[in-house]
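Kindly produce the complete structure, drawing on both the sequences and the hints.
There are 2 protein chains.
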Amino acid sequence: MTDRLSRLQSKLSAEGVDLLALAPGAHLAWLLGFNPHGDERPLLFCVTPESAGFLMPALEADSARQHTDLPFHCWVDDAGPQAAFDALLEDLGAGNAGSIALDETMRADHAALVQDRLMNAKRQFTESTVGAMRMRKDEAEFAILKHNAQTADRAMQAAWGAMQVGMTELEVAGIVKDAFRDQGVAPLFWIIGTGGNGAFPHHQTGETRLKEGDAVIMDIGGGVDSYCSDITRMAVLGAAPEGFDEVHAVVNAAVEAALQAARPGVKAHVLDDAARAVITEAGYGDYFVHRTGHGLGTTVHEPPYITASSQTVLEEGMVFSIEPGIYLPDRFGLRLEEIVYVRADGPEILSDLPRDVRVVG
Amino acid sequence: MTDRLSRLQSKLSAEGVDLLALAPGAHLAWLLGFNPHGDERPLLFCVTPESAGFLMPALEADSARQHTDLPFHCWVDDAGPQAAFDALLEDLGAGNAGSIALDETMRADHAALVQDRLMNAKRQFTESTVGAMRMRKDEAEFAILKHNAQTADRAMQAAWGAMQVGMTELEVAGIVKDAFRDQGVAPLFWIIGTGGNGAFPHHQTGETRLKEGDAVIMDIGGGVDSYCSDITRMAVLGAAPEGFDEVHAVVNAAVEAALQAARPGVKAHVLDDAARAVITEAGYGDYFVHRTGHGLGTTVHEPPYITASSQTVLEEGMVFSIEPGIYLPDRFGLRLEEIVYVRADGPEILSDLPRDVRVVG
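Here the protein sequences come in this chain order: A and B.
First residue of the first sequence? That's 468 in the numbering used here, and the numbers climb one at a time after it.
First residue of the second sequence? That's 468 in the numbering used here, and the numbers climb one at a time after it.
What the hints contain is simulated information worked out from the structure, not anything from laboratory work.
Treat the hints with care, since some could be wrong.
Note: identical chains are not told apart, hence a pair may lie in one copy or across any two.
[Unchecked claim] Taking lysine to any residue and the SDA-like style, the derived pairs with C-alpha atoms no more than 20 Å apart in a straight line are:
1. Lys-589 with Asp-576
2. Lys-589 with Ala-579
3. Lys-478 with Gly-500
4. Lys-478 with Asp-812
Here is the structure:
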């Protein structure tokens with residue numbers, strides 16, 4: 468972790484960032500290996516190319532001190548954070564920072580504390596600093612992500628093994644969650660969309676019952692050792708609905724096209740272009756309403772984002788989803804999602820599950 | 468809910484706020500009765516005194532449309548949100564808003580979308596608008612909060628009934644969580660601090676085992692029907708540690724002093740002053756390191772905050788905690804927490820549990 472902090476400080480220097488401010492959350496946890504309790508009280512970790520320190524609510528200090536020796540500037544509820552923040556900036560030599568980077572997930576009122584004090588600073592978020600660093604995963608991180616992907620494969624299979632006509636989406640979700648927990652994994656999300664519900668990409672899993680002939684989309688993920696999994700596969704109850712097999716073949720070909728393009732040195736938009744071209748040429752372009760993918764690591768959505776406009780150049784060690792989809796209102800939604808690790812010679816898929824439709828029930 | 472929106476618009480008008488922007492979260496859920504999925508994609512609900520509408524990621528639109536008829540300005544991943552946001556402001560007649568209020572919990576990058584577009588607007592957060600409205604709970608909300616408090620009482624009693632020397636803090640937390648779940652309540656937090664751990668106000672419940680003679684602080688809460696509970700009580704395993712009984716009497720007297728002061732028309736700081744005076748006079752002022760309380764409702768911490776500097780005038784229907792504490796390093800922490808509902812003639816305590824120390828094990 469010390470290594471990550473010193474690498475970050477070199478990065479700040481290279482990028483011309485005078486001050487980086489992080490809030491409790493994924494960036495801070497990745498950087499220092501612990502995540503202090505965050506609430507409405509401003510708690511900031513501030514880093515310059517030369518120094519680092521915390522703005523720390525007094526009542527968090529003792530707990531946080533068990534995890535770090537870095538300097539704290541504490542404030543008590545009745546005084547408020549302003550004086551302690553000013554003192555921290557003074558100590559860090561950042562009182563006149565001309566270029567600041569803010570944790571994009573920070574609460575707006577906490578960001579205002581920084582921005583109002585450094586009114587004339589040029590602001591960016593973390594995409595060129597800690598965000599860029601977190602995009603590349605090392606082999607140890609790969610091993611955790613691979614293990615996680617296999618637990619998600621088993622959770623998917625557990626649901627397929629139990630799914631029946633008449634069951635509700637929430638009951639299917641319950642099977643997924645139990646299967647994660649049985650493997651020591653915390654369930655993070657579970658989109659179970661049967662029939663027309665699947666046509667909402669972010670459907671809220673509910674009381675709808677599975678019917679004969681429904682296509683069921685399942686997009687699930689869990690967390691273990693601070694890292695996440697994320698997979699989407701399709702099942703059908705008995706016979707597939709009309710048009711399903713054709714759409715499945717199109718989406719699978721879109722996945723293949725993006726996989727083919729996923730190599731170091733390629734810009735991320737090339738993958739989106741490749742997947743989108745397959746779907747557009749098949750006549751379903753208007754029904755692919757989202758980006759092709761997102762990075763995955765200690766959070767479920769993080770850079771690199773695989774969009775039509777992304778100029779991010781892929782590098783070895785990047786981990787992201789490839790998940791094109793076609794959503795046909797009132798009929799079904801069909802998405803297939805792989806997580807890949809970019810290696811010198813191309814993408815390694817983390818899941819061991821085939822993308823074939825699974826007939827269940 | 469329509470009523471809440473129209474009341475909010477009157478409030479915006481009265482406070483001179485041209486545009487309020489809310490993100491997915493507690494404010495929006497309270498206002499409209501549903502909480503759209505929030506992630507890195509900007510999703511904003513914008514309100515002016517005359518109009519209202521959403522900046523909506525395209526892939527959330529269908530799900531959200533099931534809950535509201537208000538206008539959507541949708542954007543797709545590849546285009547990004549800027550053009551849709553500009554069109555929304557145009558539609559709302561807020562393109563030149565001079566005074567804006569932002570959801571303080573909004574992500575910094577989403578807040579930047581609003582602020583960068585309205586560079587010259589005067590910015591505030593929600594304390595004078597939706598925050599002020601949420602502070603006063605009606606009798607229906609009181610009934611839910613009262614019910615919730617009783618479920619927390621039972622979870623506390625379940626833990627007391629099972630606590631034994633040798634058990635870990637996490638095992639005690641497990642009993643609390645099960646007791647909440649058995650009542651249909653989602654556990655929200657559980658600070659279990661035994662012995663010296665209790666001296667960290669926000670101790671992370673861990674593997675420390677309960678010892679004979681330990682004082683154990685338990686601060687727990689759950690959520691049901693979108694509202695929260697929050698209670699802190701003390702137990703001891705066998706004989707209380709040296710000095711415990713005196714400190715308990717001081718903290719209890721501090722609670723009483725704040726209760727005595729809690730009436731409509733009184734400023735919130737008067738309650739903090741009253742509790743702090745009792746503790747300071749007893750010689751423990753340096754060990755009371757936090758504010759006296761916080762509001763409670765659909766979130767665990769919300770206005771009004773009961774601090775030494777708060778000028779908020781208490782009104783009928785406000786709900787907040789009174790929770791002074793004394794934290795003696797390496798010995799124990801002692802906090803007693805009541806949630807009160809402010810009535811014309813004084814505070815009504817929600818919990819039915821006495822604040823006496825409970826001898827267990």
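Could you work out which of the previously given hints the structure breaks and list their numbers from low to high?
Going through the list in order, the structure violates hint 4 alone and respects the others.
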